[in-house]
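Chains as they are written, first to last, in UniProt numbering: chain A, 1 to 510; chain B, 1 to 510.
The set of hints was computed from the structure by calculation and includes no laboratory data.
Source: prediction; values computed, not measured.
Hints should not be assumed to be uniformly reliable.
If several chains are the same, the list does not tell them apart, and a pair holds so long as it fits within one copy or across any two.
What the hints assert, rightly or not - Below, in silico cross-link-like pairs of lysine to aspartate or glutamate (EDC-like), each with a Cα-Cα straight-line distance of 16 Å or less:
#, residue 1, residue 2
1, 87, 72
2, 498, 459
3, 83, 204
4, 87, 349
5, 85, 349
6, 273, 152
7, 102, 55
2 protein chains.
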Amino acid sequence: MAGVEDKKPSAKQSGGGKKEVKKETGLGLSNRKADNFGEWYSEVVVNGEMIEYYDISGCYILRPWAMSIWEEMQAFFDAELKKMKVKNCYFPVFVSPAVLQKEKDHVEGFAPEVAWVTKSGETDLEVPIAIRPTSETVMYPYYSKWIRGHRDLPLKLNQWCNVVRWEFSNPTPFIRSREFLWQEGHTAFATKAEADAEVLEILELYRRIYEEYLAIPVIKGKKSELEKFAGGLYTTSVEAFIPNTGRGIQGATSHCLGQNFAKMFEINFENEKGEKAMAWQNSWAYSTRTIGVMVMVHGDDKGLVLPPKVASVQVIVVPVPYKDADTQGIFNACSATVNTLCEAGIRAESDFRDNYSPGWKYSHWEMKGVPLRIEIGPKDLANEKVRAVRRDNSAKIDIPTAGLVEQVKDLLQNIQQNLFDEAKRKRDACVQVIHTWDDFMEALSQRKMILAPWCDEQEVEVDVKARTKGEMGAAKTLCSPFDQPELPEGTKCFASGKPAKKWTYWGRSY
Amino acid sequence: MAGVEDKKPSAKQSGGGKKEVKKETGLGLSNRKADNFGEWYSEVVVNGEMIEYYDISGCYILRPWAMSIWEEMQAFFDAELKKMKVKNCYFPVFVSPAVLQKEKDHVEGFAPEVAWVTKSGETDLEVPIAIRPTSETVMYPYYSKWIRGHRDLPLKLNQWCNVVRWEFSNPTPFIRSREFLWQEGHTAFATKAEADAEVLEILELYRRIYEEYLAIPVIKGKKSELEKFAGGLYTTSVEAFIPNTGRGIQGATSHCLGQNFAKMFEINFENEKGEKAMAWQNSWAYSTRTIGVMVMVHGDDKGLVLPPKVASVQVIVVPVPYKDADTQGIFNACSATVNTLCEAGIRAESDFRDNYSPGWKYSHWEMKGVPLRIEIGPKDLANEKVRAVRRDNSAKIDIPTAGLVEQVKDLLQNIQQNLFDEAKRKRDACVQVIHTWDDFMEALSQRKMILAPWCDEQEVEVDVKARTKGEMGAAKTLCSPFDQPELPEGTKCFASGKPAKKWTYWGRSY
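Just chain A, same shape as in the assembly (with noise of 0.2 Å):
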């Protein structure tokens, strides 16, 4: 749409380094991303409309932009647990203290951020009760119920809901809030070897989640014994990163948890042989922390940016009217490329609103971050094209009505991959390799992704952490990447100068 350009009364020019907030209409940021990130981070998602903030510390109110992107996510997730027969059910949100406490290392993982009820009315309790930090504890003595044969095995539920962790640092929209939404699988088997796989197969759908849906790389791994998960065997992850903080985020966790709550929960079973066996188990989450890292890492000064896959609105169409134009042949271009776009399966809305401006609106919907914006003025009409401009490049395409389906389907594409691409370039530019604790401590303050040869003992990694403890935080193991570089023989840990057992990757994290 050139025949507007002179006209656009947009509060900030695309691209550009300057920027000038638009003070009238309340659009625009007033923190840049790469100048005060939390400050910016906590504006988009409110501006962006994601995130209302709630009169309770560290509750967020989820609004319809975020929940769609949730919905959108769920959906895939959901489909292949189906496939894989994993069964959806629902516990209580409250757990007894008995069963809270009786698997030890995970109780103390846990017991400082749970919620307890005490009261109902004017009454209280006999005994206190838990809300669910997670559901170990509330699970496991109805599988000890449940299994009895080797028949009743794998046992494999799954729930949607909300857990509570009633976290005192630093409250964060979607990345650390004391209530959140998440699934929570809890999966029983007959024999260790189908545990590790079902860890690793669920473990490459959060990648996909990342990968394919929010388009950030995370690289695959597993957690040190520090930072697995309490009470389990090991812990698996996929970590993405923060590049302008230079913070690791853990994105969802696929644990094995041995036979130790089987253990405790007495979880048995008579295999095909007539003998008592103990089941081994898994259990896997991720969270509505998904969200906060696609707004961290895709998110840009203009606002947010939502990768297609996710966005409840992929396509919005803005019609450009001028005086003496033909308004009504305008707007009705503009919903029938909006019924166009909707019959062949994308996501497309236009905005009608008789009092904003184009360029008002143009700025509201990248705020928003929706991919694509289609404009449709006089002269677009009378060429029979609409012009379509990207909210991750700012490129401007003409397309002829008549490709339009087609054109939009690959840009949209073009749009999912170029994302991943970017973030992937950035990410992959924060990578550092060292041997040395002099480098390690050099790359740390250059806010890295430290990949490290490790010795892989515990106290080592306690002592990191007691040696960069400071006013950023400590730096910890984010994990052990399966795809291991080589490890030539004789290689050093880089912080005892014992022999390195494996590469590590290290840094400050969420």
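Position chain B relative to chain A; hints supplied.
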């Protein structure tokens, strides 16, 4: 499968009134629906694997067999909401006391049942925090913030979530539990006319859930002033009836809140004339109670009876192998049958377990309420047919393999309709029209759903409640049906003798 009937080790003969429990397998119910309804219900929800009792009183585990029914209803209702442009969101589970107490009538209605969090870890909270019993007071402070002008209206939000009401009377799975799952819709409009229209539009969806999905007849109507939602303007509901107990049960409610909450929470907007106006609001909800009503209405002495539209397994295929018969051929035919049905969109599964007899399997799937059983034995194989057995009426039908999909589809539709017709016949047989107090008391003692002319005065309902108080619970109004029979002039209220204003359903209720 006539060939195996003499060998059939089934626990109970179908259709007959006599029941013998097969004790050695643990199958079968020890209570009869007609004799001990309460015990029968508790047993059938557990043996049918819908519910597991939980170690906190009034909380229940929803097992996959129940969850899948919830999900079928959810898929229907959520899609309808999206057509109505209602958007999903998620508000926190926690409410601060100041906000909870803002609407006086409302808080009085819920205060005795509110669960309070007072501690996190070992630390006392500064202010106790309530767990939502419903979300009017959670949401509306933000409606006040989001709604500024007439263009912000209508605002239509919904959430799928858990709520907590710490009731002390008679917990019953699905029907009355301290935590339950529901959807709650909260909408705001510029005009009362729009709000009124939506109340009925939603109520119609609730009717469809009950009648089209759960095969349960319901009556649409308006609640009395005494029974309406605390703080609202008027409440509409769909009312079901349980013939065995002679109790009405509120199926779902759609409330017009009027402007009462808008006043308390200052939900104002500038209308098209530039004047300050107050929003009109609705709220509406249905919960997992629906599933309990379904169990109560359709279940029988063999167990659950699931309507095909909500059953996660619509057809169970059981091989009936014989000594010397072509066992592999039979198994292959079962697999082929399941595949053919699944490809046609029918939810079919096979039961190939080798440690149970066919008869045991028949009883097992009857207990779980699967609408249609298909048996395949050697003679069926030879004759290229299968034997179908209906759960609802035990009818046996031989189906040629060639016409399988079509006939099974017909049968499932027929079962769905028959369940509804049968439930309606039984419900209608319980409806008693009365005009006098004596007839009222007589009908009440016969556990009827009583339709009576009423003066519509609140004191009269209070008085009827007082006069019918007893072990069984007092009678109250269920609803005034929208479909009103003729009320001849001069008709008197059955209870007060004053002029009657409307026909109203009365009875004991859940």
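Which numbered hints fail: none
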